[in-house]
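Number of protein chains: 2
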Amino acid sequence: MKRKTKNVLSQIGLRTSDSPISWLMKTKIERPNLVSLAAGFTDNESLPLSISRRLLNELLEDEVIGRAALQYGTTAGDDALRELTAKRIEYLDKSSSDKDMANIAKRMVITHGSQQFLYILTEALCDPGDIVLVEDPTYFVYLGIMQSRGLNGRGIAMNHDGIDLNHLERVLESLRRSGELKRTKMLYLVSYFQNPTGRSTSLLIKKGALDLLKKYEKAAGHPIYLLEDAAYRELGFAGQSDSSVLSICDASERVIYSGTYSKPFATGVRVGFGVLPEDLLAPFLRIKSNHDFGTSHLIQKLVFRALDSGEYFKNLEKAQRRYQFKANVMYDAICNYFPEVVKWQKPDGGLNFWTELPRSMNTGLKSKFFQEALNQNVLYVPGNLCYVDDSTRRTPSNEMRLSFGAASEKEIRKGIQSLGNVIKRK
Amino acid sequence: MKRKTKNVLSQIGLRTSDSPISWLMKTKIERPNLVSLAAGFTDNESLPLSISRRLLNELLEDEVIGRAALQYGTTAGDDALRELTAKRIEYLDKSSSDKDMANIAKRMVITHGSQQFLYILTEALCDPGDIVLVEDPTYFVYLGIMQSRGLNGRGIAMNHDGIDLNHLERVLESLRRSGELKRTKMLYLVSYFQNPTGRSTSLLIKKGALDLLKKYEKAAGHPIYLLEDAAYRELGFAGQSDSSVLSICDASERVIYSGTYSKPFATGVRVGFGVLPEDLLAPFLRIKSNHDFGTSHLIQKLVFRALDSGEYFKNLEKAQRRYQFKANVMYDAICNYFPEVVKWQKPDGGLNFWTELPRSMNTGLKSKFFQEALNQNVLYVPGNLCYVDDSTRRTPSNEMRLSFGAASEKEIRKGIQSLGNVIKRK
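So the sequences go chain by chain: A and B. For the first sequence, counting from 1, position 148 maps to 949 in our numbering; every step adds exactly one. For the second sequence, counting from 1, position 234 maps to 1035 in our numbering; every step adds exactly one.
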């Protein structure tokens, strides 16, 4: 960067680093023969092509609805979509209190993908130097937002059923002692079939985490929010999942929920949503209004009609079966081609396998291992990219995220076989 | 706001104030009989209903293109759309250098409306306390971004052909003397049929402004960018308009251009774009990637097809004629109903008339005048909302922005008649 440009950029402009995923994507474009088990793209064959065509046709055939879809909407988003989304959460949460659900629709904002929800929420809550607690490992794109905005992070260890509550308590206690609790704004959990590990956090653990956050909020002088990112919630293979934080009694002032229609319906449509405590709604909407006055009305109306007609659910079932099939293909391939030293667990949903190699094997972007995988024409996400910068613990460097979302059956087999060869040679 | 919430919000969360337009919109919803000459909505009848239906149909009928439209795109936006957009700018600028235009497509980012372009650009360049120079008056939604991000503004006086270059030089000189030039990042011009005044800035004046900014950049230690917001460029009644800042020789490192398809095509589609100096492209894309990884691919593909098929231009001509007609309706109504003390000028494009009342008449949101207009069931945008907070000059409070974009012919006549009555009674 030229010196003059350095002088003119803001702190955010200077700080925001290039996402490693850009580099991974660029590598894939430059080498089209590469098998990418790195991309977070969804399955191309599951995209709702004919459904979207029919729904958009119907939508734009109707003079009144069609005109509304092509005109500005409101900053908070389409009322009808917010109501159906609240109903969908109610169904998934097995909750039946109409009052609560009406309230959820009111506290909901539709965003341009759930990524925008995470961005604006973080903008509304966090100044540079503030602290967000995240899972070890976590969704690495959120780490990009934190880095860009100058936030500090603390990693909370994970067990197979979600975060380690004992570790969460130790971290909160150490922040209290160091006087940093005032700057601690939230705990970010990717709770369903987590990206990257595929693990889910049980409702019990979410409740336990919320209790701990409450216990420390007096010392903090403000709520420490529990932000549940449910992006992969609908991509479970068995159909059922534990209830969300929204189902917890008397918690509406302390929990935040974000979800998306991008993954379960179409990533090209980019409709996400979030539910906020009442106190945070107005500040969030003011900032959203400065971003874009509200999400494209046309894509919101398309998602509304997909839900309303039931087509969304038919397509979702198809997608779930397809992902389950591809997860099984990866499972079989890993069983066949990975040596026993590799530790891993079959996920019940989501798009990824998380694999742990012996400690001596460094999988980072600049490692020999990564280079050898590239030589074998296979790309993965190095596990260390999924850990927040936290000097209080060592960052593991011997893990890989392997995605079966975008790759074909054949690519999955070939990619895993190649990676297996690289591991065996070490 | 509860004390606890105050403690937890960020500086941005605390600072961002409610847009007065939200209040105006709420008032309109609560009183549906109100004639709103305040809304920035576009004309409902000009929305491309059947065109969009047909194009989406074709788009989603094609397996390859359809799947691409429903899948993630890139952060910078669809290549084909960027190329056609560059060609469109080339045509409007009467420029024919292919090399320049290829370069423009490369330096272009597609955003979720041009508002998102303005937001991210401001994020990339400006820290709290930095200075942006704006027109007196200017697009008030941009003032919301400035307020939210803690920026300072200086208003540059306007003549009928754009900003007053002498005043711009005096302001730059005073900033140099006070040592504030280092914090001065850009001059923001809404150059075509400006919102709110309807005035256009000639290429000559734009060149003059750029020369002045260049003259002061050494003292600033960095470029002071000229940001041209061309949102209304295609809404001219005569079809022709002066060339943009992109046509100026050897200026690509210092000019930024933002445009949109929302106003000329469909506000519900929310596709905007911007062209950046090469040095700013990477920082912008990194931040955009944190916002949303890229704008919904489906709406980008729709706009691309509209341009590619020529339907965009047919619809645009229809919209231009419709706005010209509505501008004439407002013109006739003002001639009939406003007393001679009111000063105004008929615009050649855009969506607004700007009217100046005698100095004694305060038109602000809390004024008696505004209340009496409300009693007469008519809503307008008070002119003082369009001035940046700048203590070096008095803010005029005797102006009104009257929009003919969304109101029907009948509403325009009725609204202007009612406002005329309020003025005459003063």
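A few of these clues could be false.
[To be verified] With a straight-line Cα cutoff of 27 Å, these simulated DSSO-like cross-link-like pairs (lysine-lysine) come out:
no., chain 1, residue 1, chain 2, residue 2
1, A, LYS983, B, LYS1016
2, B, LYS1016, A, LYS805
3, A, LYS1019, B, LYS1008
4, A, LYS1115, A, LYS1169
5, A, LYS1211, A, LYS827
In short, the hints are calculated from the structure, not lab data.
Evaluation of the provided hints:
1. Straight-line distance between C-alpha atoms of A:LYS983 and B:LYS1016 comes to about 46 Å, which puts the hinted pair past the 27 Å bound.
2. Under the criterion of a C-alpha separation no larger than 27 Å, the hint pairing B:LYS1016 with A:LYS805 is consistent with the structure, at around 15 Å.
3. Taken as a hint, the A:LYS1019 and B:LYS1008 pair is broken in the structure, with Cα atoms around 58 Å apart against an allowance of 27 Å.
4. Between the alpha carbons of A:LYS1115 and A:LYS1169 the distance comes to roughly 45 Å, so the proposed pair goes past 27 Å and is violated.
5. For the hint pairing A:LYS1211 with A:LYS827, the CA-to-CA distance comes to about 22 Å; that is within 27 Å, so the pair holds.
Violated hints for the displayed structure, listed by number in ascending order: 1, 3, 4.
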